[in-house]
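Take a look at the letters that make up each chain.
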Amino acid sequence: MITAIQTAIANPALNSIAQSTTSALMIETGLKAVGRPSFILMDKDISPQTKKYAAVKELIYQGTCLIAYMALIVPVFKRGAFKLAQKGKLLKNDTHLFKDFKNCDEFLKHHKKLSAEDKTAELEKYAPVKGLIEFGNIIGSVLGLAMIAPQVSHVTIHPILRALGMEKKEH
Amino acid sequence: MAKFSLKGICESLGKNNKPTYVVMAIALVKGICRPIFTMMDKKEDPETKKYTAIREGLTEVIAIPTYFLCGEAASKLSSMMPQNLQKRADKNLMFVGVCAAALIVIPGLCSLAIKPLMKKIQENNTKKKPLEPPVNHQLSTINHQPLNNYSTFKPFNGSYGLKVGGV
Chain P
1 MITAIQTAIA
11 NPALNSIAQS
21 TTSALMIETG
31 LKAVGRPSFI
41 LMDKDISPQT
51 KKYAAVKELI
61 YQGTCLIAYM
71 ALIVPVFKRG
81 AFKLAQKGKL
91 LKNDTHLFKD
101 FKNCDEFLKH
111 HKKLSAEDKT
121 AELEKYAPVK
131 GLIEFGNIIG
141 SVLGLAMIAP
151 QVSHVTIHPI
161 LRALGMEKKE
171 H
Chain L
1 MAKFSLKGIC
11 ESLGKNNKPT
21 YVVMAIALVK
31 GICRPIFTMM
41 DKKEDPETKK
51 YTAIREGLTE
61 VIAIPTYFLC
71 GEAASKLSSM
81 MPQNLQKRAD
91 KNLMFVGVCA
101 AALIVIPGLC
111 SLAIKPLMKK
121 IQENNTKKKP
131 LEPPVNHQLS
141 TINHQPLNNY
151 STFKPFNGSY
161 GLKVGGV
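Sequence order for the protein chains is P and L. To convert, note that position 139 of the first sequence is 139 in the numbering used here; the numbers rise steadily by one, no gaps. To convert, note that position 46 of the second sequence is 46 in the numbering used here; the numbers rise steadily by one, no gaps.
Just chain P, same shape as in the assembly:
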């Protein structure tokens, strides 16, 4: 029994999911989309209308976050910042460092394979490259998840509530 639990905990498939940012984020967002609306619906101290509004809004928000992450943050901000730097439009003095790699994914793959000691040594040289990718990720995440996704859920909440029959149509 204990061995079975230990094997399950150290499962290689789970490990590869935990190591992949995209997979981890997708699962986490999916869990948020289930957990948060469920707890709102379980709240007995609020009116049914408040329950519906808050729960549906949370669901839309989490869905939008996932789409924004997949469609905007990774391709536009992470890869886009790298490409701009390769073309010499960002960090002009370090363009040669960006040209050492074909694209952002190649750099990240290469960096992931290195041992901890090699990573530290390499970052002495490639710190601007890794930093620009991280900076693009932060800017993209803040814009996408904290500013665009709430706006989308704000705009779409009433049409969706009406489509689901949870709100009366306006005359």
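FYI, nobody ran anything at the bench for these hints, they're computed from the structure. The structure presented is a predicted model; accordingly, all values stated were derived computationally and were not measured. Positions of the beta carbon are idealized from the N, C-alpha and C atoms, including for glycine. Do not take every clue at face value.
Sample of chain L residues lacking proximity to chain P, with all beta carbon distances greater than 10 Å (derived) [unchecked claim]:
(1) Lys30
(2) Asp45
(3) Pro65
(4) Leu69
(5) Glu72
(6) Ala73
(7) Lys76
(8) Ser79
(9) Phe95
(10) Ile121
(11) Asn125
(12) Thr126
(13) Lys127
The calculated lysine to any residue pairs, modelled on SDA-like cross-linking and capped at a C-alpha distance of 25 Å, are [said to hold, decoys possible]:
(14) P:Lys51 with L:Val61
(15) P:Lys51 with L:Ile121
(16) L:Lys7 with P:Ile139
(17) L:Lys43 with P:Leu41
(18) P:Lys109 with L:Arg88
(19) L:Lys43 with P:Ser47
(20) P:Lys168 with L:Ala53
(21) P:Lys51 with L:Lys50
(22) P:Lys44 with L:Glu123
(23) P:Lys44 with L:Lys7
We have chain P; now place chain L onto it with these hints.
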């Protein structure tokens, strides 16, 4: 001053970036923006908006320490695993801890914290509610008098005009 240039920021992030920076930055902006957008909804009932906005803000406040604590606490359990599995188990348990935080711990804590918070806000609102202005009864009675007096107008009830024949 060089630190605040794009190159300075990128070098600093490249050498020493922790995932916490991204999580903190997102949570901070989310905690501010989400409630603001919710309160901007003109079509929704104010009480519903208030509850949703408070819950959204509160979730972000609770989420930051909870993700960290759940991840760290779960990964500590890896010391109970055999030596050869410890490294893999450490990452897996941290992920499981974060998932548990996302699914149950954070919304559960939020549900517990929102009740007293909403009660306090409601109490404050009732305290702050201004006293109703005194009603002027004289005016109110005047206002209730019918403006159209023709229905009570009786021309031959004998109480006015020229009386013929004495009394």
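Of the hints stated earlier, which fail here?
1, 2, 9, 23
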